[in-house]
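2 protein chains.
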Amino acid sequence: MKQLTVELGERSYPIYIGDGLLSRAAELFERHGIGKGSPLLVVTDTAVGPHYLAALTEALQSGGYRVATHTVEAGEKSKSLEMLDAIVATALEAGLDRKSTIVALGGGVVGDLAGFAAASFMRGVRFVQVPTTILAHDSSVGGKVAVNHRLAKNIIGAFHQPELVLYDTATLLTLPPREVRSGLAEMVKHGLIWNASFVDWLDANAPKLLALDPEALQYGLYEGCKVKAHVVAADEREDDLRAILNLGHTIGHALEAVAGYGELLHGEAIAIGMVGAAKLAGRLGYASEIYDVTKRLLKRFELPVQLPAHLDTDAIMAAMSHDKKFKEGRMVFIVPTAIGKVEINKSVQADWVREIVDELKGES
Amino acid sequence: MKQLTVELGERSYPIYIGDGLLSRAAELFERHGIGKGSPLLVVTDTAVGPHYLAALTEALQSGGYRVATHTVEAGEKSKSLEMLDAIVATALEAGLDRKSTIVALGGGVVGDLAGFAAASFMRGVRFVQVPTTILAHDSSVGGKVAVNHRLAKNIIGAFHQPELVLYDTATLLTLPPREVRSGLAEMVKHGLIWNASFVDWLDANAPKLLALDPEALQYGLYEGCKVKAHVVAADEREDDLRAILNLGHTIGHALEAVAGYGELLHGEAIAIGMVGAAKLAGRLGYASEIYDVTKRLLKRFELPVQLPAHLDTDAIMAAMSHDKKFKEGRMVFIVPTAIGKVEINKSVQADWVREIVDELKGES
Ligand SMILES: NC(=O)c1ccc[n+]([C@@H]2O[C@H](COP(=O)([O-])OP(=O)(O)OC[C@H]3O[C@@H](n4cnc5c(N)ncnc54)[C@H](O)[C@@H]3O)[C@@H](O)[C@H]2O)c1
Ligand SMILES: NC(=O)c1ccc[n+]([C@@H]2O[C@H](COP(=O)([O-])OP(=O)(O)OC[C@H]3O[C@@H](n4cnc5c(N)ncnc54)[C@H](O)[C@@H]3O)[C@@H](O)[C@H]2O)c1
Ligand SMILES: [Zn+2]
Ligand SMILES: [Zn+2]
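These protein sequence lines map, in sequence, to chains A and B. The first sequence begins at 1 in the numbering used here and counts up by one. The second sequence begins at 1001 in the numbering used here and counts up by one.
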């Protein structure tokens, strides 16, 4: 088992990563002050629940916890105010009170939804994350929780830090391979923005990670969480440094919006976005190695590097401008300046970005 | 104009109380750091909007602010996730961003709803309260914001402090008289829990307050806010002291729940509740003066002191136990121990409370 701490003063919390941790839930919950006097509510989804809900519930119950459960449909659509309403109904019916804890068992969708429920139920109760996707090594660090609105993603939410994160790598074995790769894209991102030796390690261990080797997963998730935790600790409320986590996301978000959710998974979209950022680095005069390494790494992880040609460049550019990153032909962009280093460039020429979007359609 | 500060460290904020303050909105917004680069959203309701929305909007616009507006139906029903959804739609369509401010123009309903919108839109934007009821001298201090769920009131919310509160006593002139009296009940409560000389002043000035005399209102709202601000500053997250604000509310909330919202306004319900608490004080051996003064004061404000006889005592007791204040025949109760002083009594006999509920039906 590996352990790290997200340093946020009195809101600091530990992340445990290990093979088979679900069975140790009661002990770890107890260690971190989750009381047994009030019922817990475990929120999960229809893809995760059948595999792991009983195991988690039983582990907690045998440790003396009272546990209620709520299952939402798998998928992004469940990040909604309607589902929040339904979770609150379950919480009330199960007798949760202000000393209760809401537990997210699932990927980023369940984490964001249950986390917002924990942030707002009775104006805030305790929260525990039990991530079951690789992508969730990203979403479980930083305390950002939210639901979507029909007009915008993640627009209604809060900052609400968990009491602990319990990452059982064994749960990843049932994750669909495309979701595995998508999650690894965020891991690659964490290397590229902060840690060149982690990038080397990722390069060497791509096959093991793709095969869900438990030790490789433990190490990769640990290092990925560590980068995110470090950035978040330095900038909890997203004033400045935290923006570097958006490497690949300016183009990535625009692709997701234009493609319609589903065609491109989040990690796939940001993989293409990271290639775009690497190209921009080249135009800005940074080492060509950046582009070479980025692209090779993503290919090692069987992630797309080519932008689907049928996506309209105008629409992509419009989606980016919607993102409020434009000002008079200039935009904010996270640009790699070396492997393991990025800058927040606040005046990238929008027409360069357009050219790069077009180039990405021919990438291979 | 009177001014006080709610002392909450770096979240401290001022409350301005005065006659005609709406016209000074731009100046006061600017003084407290509300920028003009991003649009504001003013939320109001259908009873308040026709009187004051144009005045506030024009005052802000003539000071250089861009202002969007959103009007909800007057009434408790608007404190819902559906209305939150609608406000977020307006906010997005109006181009609000993370530097925007949401302004509540109205009573406690609009304050709680717009406040929760401010707490959760983009994970939190700035918030200003422009209260238009007397009751809102209570709801605008303390940062509690929330919406209701069909199963429970105020169950989905946050703590979100405003940047400032701008209390224009002139807006109170259109408030229906029953709402005036209801709001004054909370003012009486603030005297009874904390400040005996304010109780004397209230006694002497009841007619002026009922007649909405601007100077009396200014002073009464100021002193009422001061008590609440003091308690909140000592206990922002409601761990202990803040419970004293619940004088009259244990019975009061139960009455509201059993009567069905509408028969009793909140202030009316807590007026009856405060008489109940004063009776309890007598049983516990505290001075009989408490009961005499409490009752006389409430009558001076034309507030009910008698519990409607048709409300079922069992149902009232059940509603209280739902409130989680029960444990083995004992309950938590805020009990006056002198005029201007209360205690948090954690083991009041539930059967005494039942007897008092019955007695209150014969009160006159
Ligand atoms: N809060 C943050 O900081 C943050 C950061 C990044 C992403 N996010 C959010 O995270 C979400 C994406 O997260 P995600 O990729 O984990 O999505 P997800 O939770 O939807 O999981 C992807 C799919 O895999 C299924 N699944 C999850 N774990 C499984 C398992 N162990 N076995 C079998 N199936 C499993 C899910 O049911 C779902 O169908 C988005 O909503 C995004 O906005 C949040
Ligand atoms: N957040 C807190 O700390 C806190 C504290 C106490 C009460 N509350 C909440 O406050 C709400 C009650 O507040 P309220 O009594 O102000 O209710 P309210 O906002 O519903 O106002 C009462 C009625 O008067 C109308 N009105 C308001 N101002 C008016 C004006 N100037 N002229 C004409 N009509 C006007 C309203 O439209 C409404 O119909 C409840 O939802 C309660 O839960 C919150
Ligand atoms: Zn991402
Ligand atoms: Zn009240």
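Check before you lean on any hint, since a few could be wrong.
[What the hints assert, rightly or not] To spell it out: a stretch of chain A is covered by chain B in this simulated footprint if at least three of its residues, at any positions, have a beta carbon under 8 Å from a beta carbon of chain B; those stretches are:
1) 84-97
2) 148-157
3) 288-295
[Said to hold, decoys possible] Under the rule of at most 25 Å between Cα atoms (straight-line distance), these lysine to any residue pairs were calculated in the SDA-like manner:
4) B:LYS1077 / A:ALA318
5) A:LYS299 / A:GLU236
6) A:LYS36 / B:LYS1036
7) B:LYS1153 / A:ALA89
8) B:LYS1153 / A:ASP85
9) A:LYS99 / B:VAL1332
10) A:LYS99 / B:ASP1240
11) A:LYS346 / B:LYS1346
12) B:LYS1002 / B:ARG1024
13) B:LYS1099 / A:LYS36
14) A:LYS36 / B:ILE1155
15) A:LYS36 / B:LYS1346
16) B:LYS1099 / A:ALA318
17) B:LYS1346 / A:SER38
18) A:LYS153 / A:ARG242
19) A:LYS99 / B:ARG1330
20) B:LYS1077 / B:LEU1053
21) A:LYS36 / A:LYS99
22) A:LYS208 / A:LEU22
23) A:LYS153 / B:GLY1095
24) B:LYS1153 / B:GLU1082
25) B:LYS1346 / A:ALA338
26) A:LYS2 / A:LEU22
27) A:LYS346 / A:ALA287
28) B:LYS1077 / A:SER80
29) A:LYS77 / B:ARG1330
30) B:LYS1153 / A:GLU355
31) B:LYS1153 / A:SER38
32) B:LYS1077 / B:ILE1155
33) A:LYS77 / B:ASP1239
34) B:LYS1099 / A:LEU8
35) A:LYS77 / B:GLY1095
36) A:LYS36 / B:GLU1082
37) A:LYS295 / A:GLU236
38) A:LYS299 / A:ALA318
39) A:LYS99 / B:THR1046
Keep in mind the hints are simulated off the structure, nothing from the lab. C-beta atoms are modelled at their ideal positions from N, C-alpha and C, and glycine is treated no differently.
Hints and how they fare:
Counting residues of the segment 84-97 of chain A whose C-beta lies closer than 8 Å to any C-beta of chain B gives 7; at least three are required, and the coverage claim holds. With a cut-off of 8 Å between beta carbons, the segment 148-157 of chain A has 7 residues touching chain B; three or more are needed, and the interface restraint holds. Figure legend: the segment 288-295 of chain A, annotated as covered by chain B; annotation inconsistent (0 residues with Cβ-Cβ distances under 8 Å, at least 3 required). Between the alpha carbons of LYS1077 (chain B) and ALA318 (chain A) the distance comes to roughly 38 Å, so the proposed pair goes past 25 Å and is violated.
With a C-alpha separation of about 32 Å, the suggested pairing of LYS299 (chain A) with GLU236 (chain A) is violated against the 25 Å cut-off. Between the alpha carbons of LYS36 (chain A) and LYS1036 (chain B) the distance comes to roughly 49 Å, so the proposed pair goes past 25 Å and is violated. Proposed proximity of LYS1153 (chain B) and ALA89 (chain A) is supported: the alpha carbons are some 12 Å apart, at most 25 Å. Distance restraint check for LYS1153 (chain B) and ASP85 (chain A): the Cα-Cα separation of roughly 13 Å lies within the 25 Å cut-off, and the hinted pair is therefore satisfied.
As the CA atoms of LYS99 (chain A) and VAL1332 (chain B) are separated by approximately 17 Å, the hinted pair is consistent with the 25 Å bound. Restraint check for LYS99 (chain A) and ASP1240 (chain B): the C-alpha separation of about 14 Å stays at or below 25 Å, so the hint holds. Annotation: proposed proximity of LYS346 (chain A) to LYS1346 (chain B) is violated, straight-line Cα distance about 58 Å (limit 25 Å). Only pairs whose Cα atoms come within 25 Å are accepted, and LYS1002 (chain B) paired with ARG1024 (chain B) is accepted, the gap being roughly 14 Å.
Of the supplied pair hints, the one linking LYS1099 (chain B) and LYS36 (chain A) is violated, its CA atoms being roughly 41 Å apart against a limit of 25 Å. Only pairs whose Cα atoms come within 25 Å are accepted, and LYS36 (chain A) paired with ILE1155 (chain B) is accepted, the gap being roughly 22 Å. Taken as a hint, the LYS36 (chain A) and LYS1346 (chain B) pair is honoured in the structure, with Cα atoms around 22 Å apart against an allowance of 25 Å. A hinted pair counts as satisfied when its Cα atoms are at most 25 Å apart, and LYS1099 (chain B) with ALA318 (chain A) qualifies at roughly 22 Å.
The hinted pair formed by LYS1346 (chain B) and SER38 (chain A) meets the criterion: a straight-line CA distance of about 19 Å does not exceed 25 Å. For the hint linking LYS153 (chain A) to ARG242 (chain A), the alpha-carbon distance of about 19 Å falls within 25 Å, and the restraint holds. Of the supplied pair hints, the one linking LYS99 (chain A) and ARG1330 (chain B) holds, its CA atoms being roughly 20 Å apart against a limit of 25 Å. For the hint pairing LYS1077 (chain B) with LEU1053 (chain B), the CA-to-CA distance comes to about 21 Å; that is within 25 Å, so the pair holds.
Between LYS36 (chain A) and LYS99 (chain A) the alpha-carbon distance is near 9 Å, which keeps this suggested pair within the 25 Å criterion. This hinted pair checks out: LYS208 (chain A) and LEU22 (chain A) have alpha carbons roughly 23 Å apart, not beyond 25 Å. The straight-line distance between the Cα atoms of LYS153 (chain A) and GLY1095 (chain B) is roughly 15 Å, inside the 25 Å bound, and the hint therefore holds. Distance restraint check for LYS1153 (chain B) and GLU1082 (chain B): the Cα-Cα separation of roughly 15 Å lies within the 25 Å cut-off, and the hinted pair is therefore satisfied.
Between LYS1346 (chain B) and ALA338 (chain A), the direct Cα distance comes to roughly 63 Å. Violation of the 25 Å bound is thereby established for this hinted pair. Taken as a hint, the LYS2 (chain A) and LEU22 (chain A) pair is honoured in the structure, with Cα atoms around 14 Å apart against an allowance of 25 Å. Proposed proximity of LYS346 (chain A) and ALA287 (chain A) is supported: the alpha carbons are some 20 Å apart, at most 25 Å. Proximity of LYS1077 (chain B) to SER80 (chain A) is assessed by CA-CA distance (about 20 Å); at most 25 Å being required, the pair is judged to hold.
Between LYS77 (chain A) and ARG1330 (chain B) the CA atoms are separated by roughly 45 Å; this puts the pair beyond 25 Å, and the hint is violated. About 54 Å separates the Cα atoms of LYS1153 (chain B) and GLU355 (chain A), which puts this hinted pair outside 25 Å; it is violated. At roughly 20 Å between alpha-carbon atoms, LYS1153 (chain B) and SER38 (chain A) fall within 25 Å of each other, so this suggested pair holds. Taking the CA atoms of LYS1077 (chain B) and ILE1155 (chain B), the gap is about 14 Å. The hint holds against a cut of 25 Å.
At most 25 Å may separate the alpha-carbon atoms for a hinted pair to count; LYS77 (chain A) and ASP1239 (chain B) exceed this at roughly 36 Å. Proximity of LYS1099 (chain B) to LEU8 (chain A) is assessed by CA-CA distance (about 24 Å); at most 25 Å being required, the pair is judged to hold. With a CA separation close to 24 Å, the supplied pair LYS77 (chain A) and GLY1095 (chain B) stays within the 25 Å bound. At roughly 34 Å between alpha-carbon atoms, LYS36 (chain A) and GLU1082 (chain B) are farther apart than 25 Å, so this suggested pair is violated.
The hinted pair formed by LYS295 (chain A) and GLU236 (chain A) fails the criterion: a straight-line CA distance of about 31 Å is larger than 25 Å. Taken as a hint, the LYS299 (chain A) and ALA318 (chain A) pair is broken in the structure, with Cα atoms around 28 Å apart against an allowance of 25 Å. With a C-alpha separation of about 38 Å, the suggested pair LYS99 (chain A) and THR1046 (chain B) falls outside the 25 Å cut-off, and the hint is violated.
The structure shown violates the earlier hints numbered 3, 4, 5, 6, 11, 13, 25, 29, 30, 33, 36, 37, 38 and 39.
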